[in-house]
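Protein chains in written order, with the numbering used here: chain A, 1 to 154; chain B, 1001 to 1190.
Where hints are given, some of them may not hold.
As the list claims (entries may be wrong) - DSSO-like, lysine-lysine: derived pairs with alpha carbons at most 30 Å apart:
#  : chain 1 : residue 1 : chain 2 : residue 2
1  : B       : Lys1153   : A       : Lys99
2  : A       : Lys17     : B       : Lys1188
3  : A       : Lys57     : B       : Lys1069
4  : B       : Lys1005   : A       : Lys17
5  : B       : Lys1009   : A       : Lys9
6  : B       : Lys1144   : B       : Lys1169
7  : A       : Lys6      : B       : Lys1005
8  : B       : Lys1027   : B       : Lys1086
9  : A       : Lys2      : B       : Lys1005
10 : B       : Lys1188   : B       : Lys1176
11 : B       : Lys1016   : A       : Lys9
12 : A       : Lys2      : B       : Lys1016
13 : A       : Lys136    : B       : Lys1081
14 : B       : Lys1188   : A       : Lys12
15 : B       : Lys1126   : B       : Lys1144
16 : B       : Lys1126   : A       : Lys17
17 : B       : Lys1152   : B       : Lys1188
18 : A       : Lys57     : B       : Lys1153
19 : B       : Lys1086   : A       : Lys2
20 : A       : Lys121    : B       : Lys1126
21 : A       : Lys57     : B       : Lys1009
22 : A       : Lys17     : B       : Lys1016
23 : B       : Lys1025   : A       : Lys9
24 : A       : Lys6      : B       : Lys1086
25 : B       : Lys1081   : A       : Lys17
The set of hints was computed from the structure by calculation and includes no laboratory data.
Just so we're clear, the structure is a prediction, and the values are computed from it rather than from any experiment.
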Amino acid sequence: MKSANKIEKLAKGIRFKSDELIDERILNAAESTLQESFETKSKLSKVKFVMVSRITKFGAAAVIVISISLLLSVVNRPIKNTESIIGTAVVMSGLDYIKVGALNRAYKEGGLEGIEENYRKAFQGSDSRSELLTTKQLLAEFNGNGKNSERENL
Amino acid sequence: MLQDKELLKQMVRGDKQALRLIYEKYKEDLFTVAMSLLRNVDLAEDCVSDVFVRFAGSVNNLRIHSNLKGYLVSSAANRAKDILKKVGNRKNLDVETIGDSEIFIDPTIKVDEVEEKRQIFAALKKLPYDQQEVFIMHIQADLKFREIAKVKKVSIKTIQSRYRYAIEKLRAILKKEDDYEVREQNRKIS
Chain A
1 MKSANKIEKL AKGIRFKSDE LIDERILNAA ESTLQESFET KSKLSKVKFV MVSRITKFGA
61 AAVIVISISL LLSVVNRPIK NTESIIGTAV VMSGLDYIKV GALNRAYKEG GLEGIEENYR
121 KAFQGSDSRS ELLTTKQLLA EFNGNGKNSE RENL
Chain B
1001 MLQDKELLKQ MVRGDKQALR LIYEKYKEDL FTVAMSLLRN VDLAEDCVSD VFVRFAGSVN
1061 NLRIHSNLKG YLVSSAANRA KDILKKVGNR KNLDVETIGD SEIFIDPTIK VDEVEEKRQI
1121 FAALKKLPYD QQEVFIMHIQ ADLKFREIAK VKKVSIKTIQ SRYRYAIEKL RAILKKEDDY
1181 EVREQNRKIS
């Protein structure tokens, strides 16, 4: 009867070898797979770097927050008009801009009288306090200048 | 020769030469395990090829918990098991098993030893698959019980007991064959 040691020793000697053609075939297939995997890895690693690194993660978050803030500030920013119809720089909202545009058009068409005419037409029949104001006073009120002094003159 | 860790690092960087070196280093172990479990040259080639191509393709998420040799050998054993299941399910497939003469044997060894090796190789086939696997991984691929337990995810005691049963069974099978040969010789003499 064979001892365990002898069985082990004999079994250790049973070896198999592949031939060169098989080796080459396997290696070629493995190399092309490695190449593909490495290319995929290179693409993924950039994204992974941003997601894994703490610094880049915070950096990316900061960039996103700043971008959103900038975008919101641009959307909500009032339209700047460098020169008002009486030559004073004012900051107006979109609605104010339309009003001023209408007044400008009226001024070009008929001067101060044109504006006054348009204004009278707009408030005709109304009990509005504005009906009582002159064009000059209206413009002053519109620009927020000398509002009280003009009223005092009335 | 470069250490496995260094070779792996280079391979992960896409170095094909490192992949070749790993293959050259472990191909004989892989073929021996595959051939011992599958007993078919073509199936063994498929097995080793699958293992190595998958290994090369796993650079993105390579997680080797044991050593590289343990990882590759256990992958070959697992793949061989899958192939055997597939082959077993295909009724029409004519499984061409290797002949005894195909066993690689060192030409310098004695004829008696060749015969003994042939007997052991044939007896191995009669063991339950789990015992065959442990015996082949421990003796032919030279893995420690601890390493086999780690890659097979079972306790070291289970692996040791499988090995012990394998040796006992092999001894019993070989004794039976020896007894038969003695009886045959006696019969011829008488």
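Take a quick look at whether Lys1188(B) and Lys1176(B) sit within 30 Å of each other, Cα to Cα. holds, 18 Å
Assess, step by step, whether the Cα of Lys57(A) is no farther than 30 Å from the Cα of Lys1009(B), and give holds or violated. holds, 26 Å
Given the hint that Lys1086(B) pairs with Lys2(A), does the C-alpha gap stay at or below 30 Å? violated, 35 Å
Would the pair Lys2(A) and Lys1005(B) pass a check requiring their Cα atoms to be no farther apart than 30 Å? Not satisfied, since the Cα-Cα distance of roughly 40 Å exceeds 30 Å.
Against the 30 Å threshold, does the CA-CA distance of Lys2(A) and Lys1016(B) hold or violate the hint? Judged against 30 Å, a Cα distance of about 46 Å means the pair is violated.
Below or equal to 30 Å on CA atoms is what counts here, so check Lys1009(B) against Lys9(A). The given pair, whose Cα atoms are some 35 Å apart, is violated under the 30 Å limit.
Given the hinted pair Lys1025(B) and Lys9(A), is their Cα-Cα distance within 30 Å? holds, 22 Å
What's the verdict on Lys6(A) and Lys1086(B), does the C-alpha distance respect the 30 Å limit or exceed it? Given pair Lys6(A), Lys1086(B) is violated - Cα atoms ~35 Å apart, limit 30 Å.
Check the hint pairing Lys17(A) with Lys1188(B) against an upper bound of 30 Å on the C-alpha distance. violated, 39 Å
Between Lys121(A) and Lys1126(B), does the CA-CA distance stay at or below 30 Å? violated, 112 Å
For the pair supplied as a hint, Lys6(A) and Lys1005(B), confirm whether the alpha-carbon distance does not exceed 30 Å. Given pair Lys6(A), Lys1005(B) is violated - Cα atoms ~35 Å apart, limit 30 Å.
30 Å limit on alpha-carbon distance, applied to hinted pair Lys17(A) and Lys1016(B): The hint holds at about 22 Å.
In terms of the numbered hints stated before, the structure departs from hints 1, 2, 3, 5, 7, 9, 11, 12, 13, 14, 17, 18, 19, 20, 24, listed from lowest to highest.
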